[in-house]
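Q: Which chain is which? The protein sequence lines are D and X, in order.
According to UniProt numbering, the first sequence is numbered sequentially starting from 1.
According to UniProt numbering, the second sequence is numbered sequentially starting from 1.
Be a bit skeptical, because a hint or two may be false.
[Stated by the list, open to error] Each computed DSBU-like pair below joins lysine-lysine, with the alpha-carbon atoms no more than 35 Å apart:
#  : chain 1 : residue 1 : chain 2 : residue 2
1  : X       : K66       : D       : K106
2  : D       : K106      : X       : K23
3  : X       : K254      : D       : K371
4  : X       : K66       : D       : K306
5  : D       : K376      : X       : K290
6  : D       : K60       : D       : K306
7  : D       : K106      : X       : K378
8  : D       : K404      : D       : K186
9  : D       : K290      : X       : K378
10 : X       : K306      : D       : K254
11 : X       : K306      : D       : K380
12 : X       : K23       : D       : K222
13 : X       : K66       : D       : K254
14 : D       : K106      : X       : K380
15 : D       : K254      : X       : K23
16 : X       : K376      : D       : K371
17 : D       : K284      : D       : K186
18 : D       : K371      : X       : K6
Calculated from the structure, these hints are not laboratory results.
Listed below, chain by chain, are the residues.
2 protein chains.
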Amino acid sequence: MPAPEKFTSFIDENADSFIQRLKEAVAIPSVSGDPKHRPDVFKMGSWLQSQLESLGVHTKSVDLGKHIMDGQELQLPQAIFGRIGDDPKKKTILIYGHYDVQPANKSDGWDTEPFTLIVDNDTGRLIGRGSTDDKGPILGWLNVLQAHKDLGLELPVNLRFCFEGMEESGSEGLDELISSEAAKGKAGWFGGVDAVCISDNYWLNTRTPCLTYGLRGLAYFKVTVSGPARDLHSGAFGRAVHEPMTDLVILMSKLVAPDGKILVPGVDEMVSAASEEERKIYDKLDYSIKDIEESVGAPIALSSDKAAVLMGRMRYPSLSLHGIEGAFYGAGAKTVIPASVAGKFSIRLVPPQTPEAVEPLVETYLLSEFKKLNSKNKLKVENLHGGKPWVADYKHWNYQAGIKATEAVYKRTPDLTREGGSIPVTLTFAESLGVNVLLLPMGRGDDGAHSTNEKLDRSNFIEGSKLLGTYLYEVGAITA
Amino acid sequence: MPAPEKFTSFIDENADSFIQRLKEAVAIPSVSGDPKHRPDVFKMGSWLQSQLESLGVHTKSVDLGKHIMDGQELQLPQAIFGRIGDDPKKKTILIYGHYDVQPANKSDGWDTEPFTLIVDNDTGRLIGRGSTDDKGPILGWLNVLQAHKDLGLELPVNLRFCFEGMEESGSEGLDELISSEAAKGKAGWFGGVDAVCISDNYWLNTRTPCLTYGLRGLAYFKVTVSGPARDLHSGAFGRAVHEPMTDLVILMSKLVAPDGKILVPGVDEMVSAASEEERKIYDKLDYSIKDIEESVGAPIALSSDKAAVLMGRMRYPSLSLHGIEGAFYGAGAKTVIPASVAGKFSIRLVPPQTPEAVEPLVETYLLSEFKKLNSKNKLKVENLHGGKPWVADYKHWNYQAGIKATEAVYKRTPDLTREGGSIPVTLTFAESLGVNVLLLPMGRGDDGAHSTNEKLDRSNFIEGSKLLGTYLYEVGAITA
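Chain D extracted, bound-state conformation (with noise of 0.2 Å):
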């Protein structure tokens, strides 16, 4: 059962508006990792909303509480649910995506404004932050509902929503509500779920459509040095006192090596290595060191041996240096040392690996390799976030729809990868509601989510809203 033939063409003929639409949601600067946005973010999730409302779904503002950040309390951002559908000879999927986004400044590097869409006909890219992560997701099912209220179509399956205003920021007080939602059964807003779909991770090159059933897991840490009560100016007190930045970065040059190896004794020893039969399953994805050198724009793959990338990528654990909170970061040269700096990095999980496992590795460790520094200054180690790694059963007809999907959308058989990111809430539904979740990507592997000019091709954006609502057909082809 393809979705109707009146369905995809309706998404085509309503691209522009649909862009449009984009436009005003990319216009809100929701950035949930930074207080001073926290209103936008708000003020994103109202929006989202009054759009579901506008389309014929039944919604609810969930309030999360307060949290602290930054040694501020702040108001989290509401959860929206929504429900539309109720035949129970239909199955009901829910939808997860979140309406915030990672932070960006012009001045990161972003050839435009990063909360101004630019719509670049030549090279058909949709440019803004959350483009691709995850509000063109998100407004792909606002389109396929666009669709079926304008055409008067039923919707072939019935349809639950969960949409949450803190993923970039460890989605605080989503776990807890889904795991109280899903236990009210048939009474909460979850009752009757067959399966869960999630539209936010990407394909794994720019050419084949991917369905994903393994994500990586996250522990973000924040390791901090302070010592002087404020900064100090560098030629009156340099070589006179201990100076925070110096133990800062050797404790941060000793995490991970150039090569990519972890030096957290007991990190990578958690996962065992591949074995020749395990290799093949990555010989074989569309993918070439050529494709990962043009999606980051140069040539600095970790090897030359296909598998191996990708296997750093998929199946091992990896450790970035994102960066140093309190430094001097600006242009130019200012001759200060810093009275306090906060280190940032993180480290990408695989199974077995969990964040309660690792963490406890991570601060024995930094512990012990402050000690030995014999410093003054005072060291703290804080876990930001974490999320268990999590693998799904590709063989379910969660996957099977997704897959006939795929191909009546872009005549072609997706590949089955499993991706580097986290998305610990897919982790929590398929716990809680026992259902399996699908991760259908919209957005392409070169699209640079969390980066400076953050993108989605246009094709994408039109093509990825006809396949969420085939998806909805093949799922619905299941029950019929």
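Take the given structure of chain D and dock chain X to it, following the hints.
A: Chain X in isolation, oriented as in the chain D frame:
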């Protein structure tokens, strides 16, 4: 010949209006190191020039041409020359100061807006960027001129002024200007100058005025590691590509040890160790480990040996890591792999070190350490600016005048110190004009120049204005 009593009384009686003028000066954010503040630097130069004119000083604004900063071509801030008095029977003193300031943002950790001068009556502090470095001291000279104009008093010396707006960014263009003016001899603005006085450093502690006869030089480096064409998502690319932050942090960790030892081969080795006799000079200074711990606000002195700490600051080189440009620096948790990151660090130099001798050692060392990483990323090492160290003859009449003036105003003999900071122009004046240069500080050791919450004590501003005036009378007494 102490200053006339009516001069010092005038300074006391007009303290509030002098503070009001300092408030006006601090309100102009003349940050020379940030291209977007360049118009404010020009504004500050114009403000200063019109103040001088209104006080009877004949001035000239000198165009220093253009330069490149962060890839932009920018007009250099004007130098302001001034002259008042041409009596051949009087000595002629050249005054130098700078009207630009270090960067400052409230988000760096300031308790108040950095460009709003706060008069804290409880602590007696004047808080704001530039209050002590170097707007306070410049305004000290204006206060002296104001007193003489309003009281109808004749100045005891001829004065020449040279104020610049690029001191915090390497004094670009100034060396050439001073050399070419000096080459004009009697016909130039510096013709007939007998000595130079600069008020742009600090007391060693918070109690004892000092005169400074030595300064460390500076070599400031930017080491850039670049990899991908844009920032990457650490989930998608962690352990797949060479990460610039990993490489940079390892390089930075190899520059300086936690105990202050410089790890670049050959740099520490250029400087001979202190003899037992030289140690005694430092043992005698009015300074204790408690002083340094009070001025930095934490018990983090590198040693419990006072002479060792003072020598670390005054007669040994130091290397400080200032920060990283291009990495994540904000609050919260961003899972980015930054595309290009630039570490900033500087080495404070002492005789016989020079930037020219040290820079190749640093470059060679960084290139060789980078090679060991086997990284496919790219390395670039740049020298952002540099200045030689300087030592003067403190038995010269210029210093004797400074000592007598301090005794007259503060009723105590000043310490004679060498300082850890760099004012490269000091050496330029000494070498180009062939005259003695006196550093006569106004502020205290805990002022926090270049730091958050920079302040100048009200008493230092007022007594310091008296000191500058009295110094001129003591110089005048030499001709009498």
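Q: Against this structure, judge whether each hint is valid.
A: Hints, verified against the model:
For the given pair, X:K66 sits about 26 Å from D:K106 by alpha-carbon distance, which is consistent with the 35 Å threshold. With a C-alpha separation of about 33 Å, the suggested pair D:K106 and X:K23 falls inside the 35 Å cut-off, and the hint holds. Between X:K254 and D:K371 the alpha-carbon distance is near 18 Å, which keeps this suggested pair within the 35 Å criterion. In summary, the hint linking X:K66 to D:K306 is not supported, as the alpha carbons are separated by about 50 Å, beyond the 35 Å threshold.
A C-alpha spacing of about 15 Å is found between D:K376 and X:K290, which places the hinted pair at or below 35 Å, so the restraint holds. The hinted pair formed by D:K60 and D:K306 fails the criterion: a straight-line CA distance of about 47 Å is larger than 35 Å. Only pairs whose Cα atoms come within 35 Å are accepted, and D:K106 paired with X:K378 is accepted, the gap being roughly 24 Å. Under the criterion of a C-alpha separation no larger than 35 Å, the hint pairing D:K404 with D:K186 is consistent with the structure, at around 30 Å.
Distance restraint check for D:K290 and X:K378: the Cα-Cα separation of roughly 19 Å lies within the 35 Å cut-off, and the hinted pair is therefore satisfied. Of the pairs offered as hints, the one joining X:K306 and D:K254 holds, with about 33 Å between alpha carbons and a cut-off of 35 Å not exceeded. For the hint pairing X:K306 with D:K380, the CA-to-CA distance comes to about 29 Å; that is within 35 Å, so the pair holds. Between X:K23 and D:K222, the direct Cα distance comes to roughly 39 Å. Violation of the 35 Å bound is thereby established for this hinted pair.
Restraint check for X:K66 and D:K254: not satisfied, since their Cα atoms lie roughly 43 Å apart, outside the 35 Å limit. Of the pairs offered as hints, the one joining D:K106 and X:K380 holds, with about 24 Å between alpha carbons and a cut-off of 35 Å not exceeded. For the proposed pair D:K254 and X:K23, the alpha carbon gap of about 47 Å is over 35 Å, so the pair is violated. About 33 Å separates the Cα atoms of X:K376 and D:K371, which keeps this hinted pair within 35 Å; it holds.
At most 35 Å may separate the alpha-carbon atoms for a hinted pair to count; D:K284 and D:K186 exceed this at roughly 43 Å. Restraint check for D:K371 and X:K6: the C-alpha separation of about 61 Å exceeds 35 Å, so the hint is violated.
The structure is inconsistent with the numbered hints 4, 6, 12, 13, 15, 17, 18, although it conforms to all the rest.
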